[in-house]
Amino acid sequence: MTIDTNRRDFLLRSCSSLTAVWLSTHWPALLSAATHARAAAQASAPTKLQFFTPEQAKEIDAITARIIPTDETPGAREAGVSYFIDRALMTFAIDDQKVYREGFPEMQARTHELFPTLDKFSAATPEQQDEILHSFDEQAAGNRRPYRPRAAAQSFFDTVRLHTIVAFLLDPDAGGDPNGVGWKVIDRERQHMFQPPFGYYDKNYAGWQPVSPSDKAKS
Amino acid sequence: MTPEQPKYKTSDEVDFVVVGSGAAGGIIAKELSENGFRVVVLEQGPYLTEADFTHNEIKVLNEDLLTNHPKLQPNTFRKTPNEKAKAQRALVYGRLVGGTSVHFTANFWRLHEIDFVERTKLGPIAGTGFVDWPITYADLEPYYTKVEWEIGVSGLAGASPFDPPRSKPFPMPPLPTKASGVIFEQAARKLGWNPFPAPMAILSQPRPGRSACINCGFCLAFGCEVGAKSSSLASAIRMAEKTGRCEIRPNSYVHRIELDANGRATGAAYFDAQRNVHLQKAKAVVISANGAETPRLLLLSANKQFPNGLANSSGLVGKYLMLNSGAVAVGVFDQPLNDYKGFAVSRILHDFYELDPHKVGFYGGGGIDARFDITPIGFANGGLPPGTPSWGKEFKHTLAHNFTRTMEVMSHGTSLSVESNSFSLDPELKDAWGLPALRMTYKDHPDDMKLATWLNARALELLDAAGAQKKWSFPIEEQQFAVHLLGTCRMGNDPKTSVINADHRTHDVKNLFLCDGSSLVTSGRGQPTMTIEALAFRAADRIRGLAKRGELTA
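Each protein sequence line maps, in turn, to chains D and E.
Residues in the first sequence are numbered from 715 upward in steps of one, following my numbering.
Residues in the second sequence are numbered from 756 upward in steps of one, following my numbering.
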């Protein structure tokens, strides 16, 4: 069963018949970005890029592959992240085009500055690539909440980092990677309806009981 | 699906125009239309339905699918009145039919008796506008019960030893217990505290046209796709529409309340979707636009009679803003909780609802809950322990390990009312319609900061008792971002020290009523929507009484 089917079944079961009309006319642009990304990642022939030049796509692929690397589990590359970003920059992230345009030469210059024999990030070894990215990494880890105000201007690397995470973790049934690679990596089951018990700690839970006076006295 | 509605002409003088369709506006529209009145609800946002809702974090959280948009409606912030405010996103609210009740978490605590009379018990607090309410818990209790039964709240009566008296049990049992709830309950009991099933405005049993919760986990910030969350959209608005006397008019941005020569409100002027201006005439006006937009609308409606803002003879419109204090502690456990399943909260405790200032050294009190309210992208950006790299191998491994093993323990508490904390009109910044933008001025009272720190220490104690592998908490900082919008047109008996009376009628304009978070006199302990809705049921009752007695047209 495809993910689309899952999602549509879910919505159709729970909502009005207008849903079908809505689905066919308003399915988010993100879904198109994600479908494109997955197809592109699996295609043997080169995929038509919409924003990046082939050279830029190669650089983005190399950067995102260090942000979420492939190891014993899949990473950004397997989730088609660079293709997602390419399409995103023509749709929901169109305002970020400038950040990317200005970021590529900056990345190239930094690469050359740190490793004078190199002109391209993608030509560096993984260890060298990490060193280059660390030099851009101004973002302190943690402590960001969804509703905290965000900085108005983000650096190129921070923008790529954020877009990589979005491409990797966006709900696969709501515009994210249709194969759900990211959700598999974080063990997020790909469903929208669950029944308890949900996890290890509630498996044998007997239900809420009032505290007896004797228990109260012990505590 | 939207049922057939009446289409009133703007020149028709309907009985009531209600500004806003959220937690309060929806209920007031329902109650008034069910009692035979002709009602037009003007909602600035679109009319979305369950089919429009999505789990797409980018559309919802970054593109503001359901909320006020910072590009269309920018705002400014400053800590004190002496500073020049800077452009900065300072608040979020639901901007669609159903308002903030569509995207809220659905924690539904009643206030306790003490909330209404605490000033009398404790005495004054210097530098604050700390006062009693003009009504008591007993006055509001029947309306809390109406909310639970008519709008739909799940919970277990009598489970908390600190609960105030209630006239009826909950209409449906609590939602299932999440792993975070079990961990919280066991740890709290070890510490001698009294955890209990969280009352939630989410259906545990189906109702006509609405599904019981399917545990999808996308509650906070998201609209419910099956109508299980008891938003105004899923409940009160639908009931109002069924009367055939209520028109919900979306994309209608009210920017002025008009008065006649006798000082009576004649209707609401609004921009439609094409930015044409209309005036909907009405015999009486109810503003339920939320604790930021209600005072803003009054300030925008200044005229010769009210040069400082409509119904603002007290000078208090927009003042005494309260946001609720709070803190978040986070724990990671050995085994998977899978707390992304379900809803946000299944256990809370109210042992610290009323702290003794003589013992702790500050005013305040609050509740603590067990929750997981972060969706995957948000989690990757804000849910990992401090010091975790934000990219690379260790980032990926920590993300993969922690996502299913993390829970939050969140504290919610009082905010003291400070007059300089406020919403006002920014003198320079304009919104996309050319109207003055909202300016927020806010600095937490020192006691609010002490309370948040104290409650957070209990939350960390609980995570220790629970055996968390790792625990940490977010820094407790002065707030610069508002979600709960409370107290800005406070209720009271004295026209010099309040904006509305106990009937929600403005002291200054006899056929103008205000009801939403702005009506609150004290902040409660952190979950205001239940009280806003109870106030709305009560306000509608009072307004109906006044109308039936002919007091609105006199």
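These aren't lab readings, by the way, just hints derived from the structure by calculation.
Hints may contain errors.
No farther apart than 16 Å at their CA atoms in a straight line, the calculated lysine to aspartate or glutamate pairs in the EDC-like style are these [as the list claims (entries may be wrong)]:
hint	chain 1	residue 1	chain 2	residue 2
1	E	Lys1148	D	Asp844
2	E	Lys1148	D	Glu841
3	E	Lys923	E	Glu896
4	E	Lys1226	E	Glu1216
5	E	Lys1148	D	Asp851
6	D	Lys834	D	Glu820
7	E	Lys1038	E	Glu1216
8	E	Lys814	D	Asp809
9	E	Lys1059	E	Glu1109
10	E	Lys826	D	Glu820
11	E	Lys1303	E	Glu896
12	E	Lys1148	D	Glu845
13	E	Lys1148	D	Glu820
14	D	Lys834	D	Glu786
15	E	Lys834	E	Glu1174
16	E	Lys1205	E	Glu1109
17	E	Lys876	E	Asp887
18	D	Lys917	E	Asp1089
19	E	Lys1038	E	Glu768
20	E	Lys1148	D	Asp809
21	E	Lys841	E	Glu1183
22	E	Lys1205	E	Glu1233
23	D	Lys898	D	Asp785
24	E	Lys945	E	Asp1219
25	D	Lys772	D	Glu786
Computed footprint of chain E on chain D, listed as stretches where at least three residues anywhere in the stretch have a Cβ under 8 Å from a Cβ of chain E [as the list claims (entries may be wrong)]:
hint	region
26	762–771
27	776–786
28	829–836
Where a beta carbon is used, it is the ideal one built from N, C-alpha and C, also for glycine.
Results of checking the hints against the structure:
1. Proposed proximity of Lys1148/E and Asp844/D is supported: the alpha carbons are some 10 Å apart, at most 16 Å.
2. Simply put, Lys1148/E and Glu841/D have alpha-carbon atoms about 12 Å apart, close enough for the 16 Å limit, and the pair holds.
3. Between the alpha carbons of Lys923/E and Glu896/E the distance comes to roughly 10 Å, so the proposed pair stays at or under 16 Å and holds.
4. As the CA atoms of Lys1226/E and Glu1216/E are separated by approximately 10 Å, the hinted pair is consistent with the 16 Å bound.
5. Distance hint between Lys1148/E and Asp851/D is fulfilled; the C-alpha atoms sit about 15 Å from each other, no more than 16 Å.
6. For the suggested pair Lys834/D and Glu820/D, the alpha carbons sit about 11 Å apart, so the restraint of at most 16 Å is met.
7. At most 16 Å may separate the alpha-carbon atoms for a hinted pair to count; Lys1038/E and Glu1216/E exceed this at roughly 56 Å.
8. At most 16 Å may separate the alpha-carbon atoms for a hinted pair to count; Lys814/E and Asp809/D meet this at roughly 15 Å.
9. Pair hint Lys1059/E plus Glu1109/E does not hold up; C-alpha atoms about 45 Å apart against a cutoff of 16 Å.
10. As the CA atoms of Lys826/E and Glu820/D are separated by approximately 29 Å, the hinted pair breaks the 16 Å bound.
11. A C-alpha spacing of about 24 Å is found between Lys1303/E and Glu896/E, which places the hinted pair above 16 Å, so the restraint is violated.
12. Proposed proximity of Lys1148/E and Glu845/D is supported: the alpha carbons are some 14 Å apart, at most 16 Å.
13. Distance check on the hinted pair: Lys1148/E and Glu820/D sit about 24 Å apart at the alpha-carbon level, beyond 16 Å; violated.
14. At roughly 27 Å between alpha-carbon atoms, Lys834/D and Glu786/D are farther apart than 16 Å, so this suggested pair is violated.
15. The suggested pairing of Lys834/E with Glu1174/E holds, with an alpha-carbon distance near 13 Å, which does not exceed 16 Å.
16. A C-alpha spacing of about 14 Å is found between Lys1205/E and Glu1109/E, which places the hinted pair at or below 16 Å, so the restraint holds.
17. For the proposed pair Lys876/E and Asp887/E, the alpha carbon gap of about 9 Å is at most 16 Å, so the pair holds.
18. Pair hint Lys917/D plus Asp1089/E holds up; C-alpha atoms about 15 Å apart against a cutoff of 16 Å.
19. Among the hinted pairs, Lys1038/E with Glu768/E is consistent with the structure: their alpha-carbon atoms are about 6 Å apart, no more than 16 Å.
20. Of the pairs offered as hints, the one joining Lys1148/E and Asp809/D is violated, with about 29 Å between alpha carbons and a cut-off of 16 Å exceeded.
21. Of the pairs offered as hints, the one joining Lys841/E and Glu1183/E holds, with about 11 Å between alpha carbons and a cut-off of 16 Å not exceeded.
22. Restraint check for Lys1205/E and Glu1233/E: the C-alpha separation of about 11 Å stays at or below 16 Å, so the hint holds.
23. Only pairs whose Cα atoms come within 16 Å are accepted, and Lys898/D paired with Asp785/D is accepted, the gap being roughly 14 Å.
24. For the hint linking Lys945/E to Asp1219/E, the alpha-carbon distance of about 11 Å falls within 16 Å, and the restraint holds.
25. Between Lys772/D and Glu786/D, the direct Cα distance comes to roughly 23 Å. Violation of the 16 Å bound is thereby established for this hinted pair.
26. Coverage of the region 762–771 of chain D by chain E is violated. Counting CB-CB distances below 8 Å, 0 residues qualify, and the rule asks for three or more.
27. With a cut-off of 8 Å between beta carbons, the region 776–786 of chain D has 5 residues touching chain E; three or more are needed, and the interface restraint holds.
28. Check on the region 829–836 of chain D: 0 of its residues sit with their Cβ under 8 Å from a Cβ of chain E, so the three-residue criterion for coverage is violated.
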